[in-house]
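> Sequence:
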Amino acid sequence: MTQSASGLKRVWRSGAELARRSVSRRSGSQPTLGNTSDILGLSFTVSHRYRPFALVSPGFEDLDDATPAVLASLVRAATGPTVPFVAIELSGVVADHSDVVAGLQGAGGDHVVAVFSPTRRQVSIEVRRDGVTTVVAQGRADLGTRFQAAFALCENQVTALVDSGDGWQPLATNRKWVAELVDLRDPGTLSEFSYYYGAGGSSGTGGSIGSVRVSGVKAGPFGMAGLRDPHLVQRPDGTPYIRDGLAYLTFTCAGLGFFQQAHWGVFTLDLADPTEVRQVAHLYTGRDGLVLGDHAGQVVVDEANARVIVLTSSWGDFAFDGVHVRHAVTTDDVLSGRHVLETARLDLPTEVSSWDPAATLIDDRWHVAFVESPSQKPFDFHPALSAGPPGGAYGEGLERVAADSSMRQCEGTIIVGVGDRWYLLASDGDARSYPVYDLSVHRLGDLDAPYGTNIPHPQIVERPGGGYLMVSFDGTPYADDVLGYGGHGDVVIMSSKPG
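The numbering of the sequence shown is this note's numbering, which starts it at -19 and goes up by one.
Worth flagging that the hints you see were computed from the coordinates, not collected in a lab.
Every residue, glycine too, gets a C-beta built ideally from N, C-alpha and C.
It cannot be assumed that every hint is accurate.
[Unchecked claim] Here are the in silico distance ranges between beta carbons for each label pair:
#1 V74 to E41: 16 to 24 angstroms
#2 R423 to E283: 42 to 50 angstroms
#3 K156 to R101: 36 to 44 angstroms
#4 A46 to S171: 24 to 32 angstroms
#5 T125 to P444: 50 to 58 angstroms
#6 D143 to V55: 18 to 26 angstroms
The task is simple: from the sequences and hints, build the whole structure.
Listed below in structure tokens is the structure:
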């Protein structure tokens, strides 16, 4: 399913029917990532590091007007969000004794907005529901005479941001009271709202109104505060999905807040010049009647059967009481556009929580790696591997192979082939190392690669002409003094050299 910037279709089919279709299989499948005989013979050094950041996702704008304008009132746009991950940016703002408003408004006058008041040196967040306006957050700010203002919604968390020349800074944020007043994860509720911005009074919608000058208005899906959890898009046999030298990967798009504020996306990386990643798709999950930002998963493109297998983790409503792996199968193109995935729970051979799925067809059997977690308070997790019967579908009949239960902070499971061997990789946050296992989950050693902050995932891909890249991330935070934990994720690229 692809879509234009103005709309979003929900035509996904999940799990059972399509998962039972036969898939292309090779007897005695072998790894296809080059001719290095042993992954432990590779040595990696950091070659690139950068921080992807965007409030309104570039190339996905619903509204993009660069015409300077004088706004003497509030404007309700003809379009609005289709998922609860959006942002509005007002550039070149000059306010004349008026508050500046950006956010969402319903047809009946209800709204969820950020209000910027240069005269009162204040930024606030308001929710108006059933005729009652509630200020849910406030912050002090010297906005100056010219600035940029932004409203961001990530799940049910609303954040007001200002850029006065040093980049976007969050000044006020709230999730608890927003969620109690209006649940924007509900598609029926969200459909009531349109993008909303302009000049307002002292409460954001009333009182004395002057005018607001802007040099441009932009609105659309929220981009990212950083990226993490990289996983190559691949074919069933483990071959990376590459077009015109561009490798396709999924990343978790860090939101303005905790795990629920993140969502999932597809990106491309030029393997010959890995100086940036470019987003080509946004992925969300529809489950339990809500649209959520489930993330940390894998996309498998099965071209032989004109279908795509999608695996993800249920972080979108995480509340420290369990996580599980979900899946969907579709005939649509998830590598471009915006998509809501209707998913089902994947039946993994574990009685505890699970995340970070990785699936590859090896010797006519689907192998599905995952993280197994007996506790999330405190966090306790380790790598595990399952496998299905010969000739079986990817999500049926999975049986436990083994797990490394000696680990307590080990995630980022990835199945990769190098030379003539398959490996299970992971990331151990306690030892600050990348353990390497065989497909019996017997530990062979550790990758020779620098280990940064957080628990970086060890995604390896062969470069054209030889050598490998390791795509990972770190724990560099964004505005954690205001937003708390969750906005981390510099992209870290490492290059191999002979060991």
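> Against this structure, judge whether each hint is valid.
Evaluation of the provided hints:
One distance hint, 16 to 24 angstroms for the beta-carbon pair V74 and E41, holds here, with the actual separation near 23 angstroms. Separated by about 34 angstroms at the C-beta atoms, R423 and E283 break the suggested range of 42 to 50 angstroms. For K156 and R101, the hinted distance range of 36 to 44 angstroms is not satisfied, since their beta carbons lie about 25 angstroms from each other. Checked against the given bound of 24 to 32 angstroms, the beta carbons of A46 and S171, roughly 28 angstroms apart, stay inside it.
Range check, T125 to P444: Cβ separation about 51 angstroms, and the 50 to 58 angstroms hint holds. The supplied range of 18 to 26 angstroms is met by D143 and V55, whose beta-carbon atoms lie about 21 angstroms from each other.
Violated hints, listed in ascending order, are 2, 3; each of the other numbered hints is respected by the structure.
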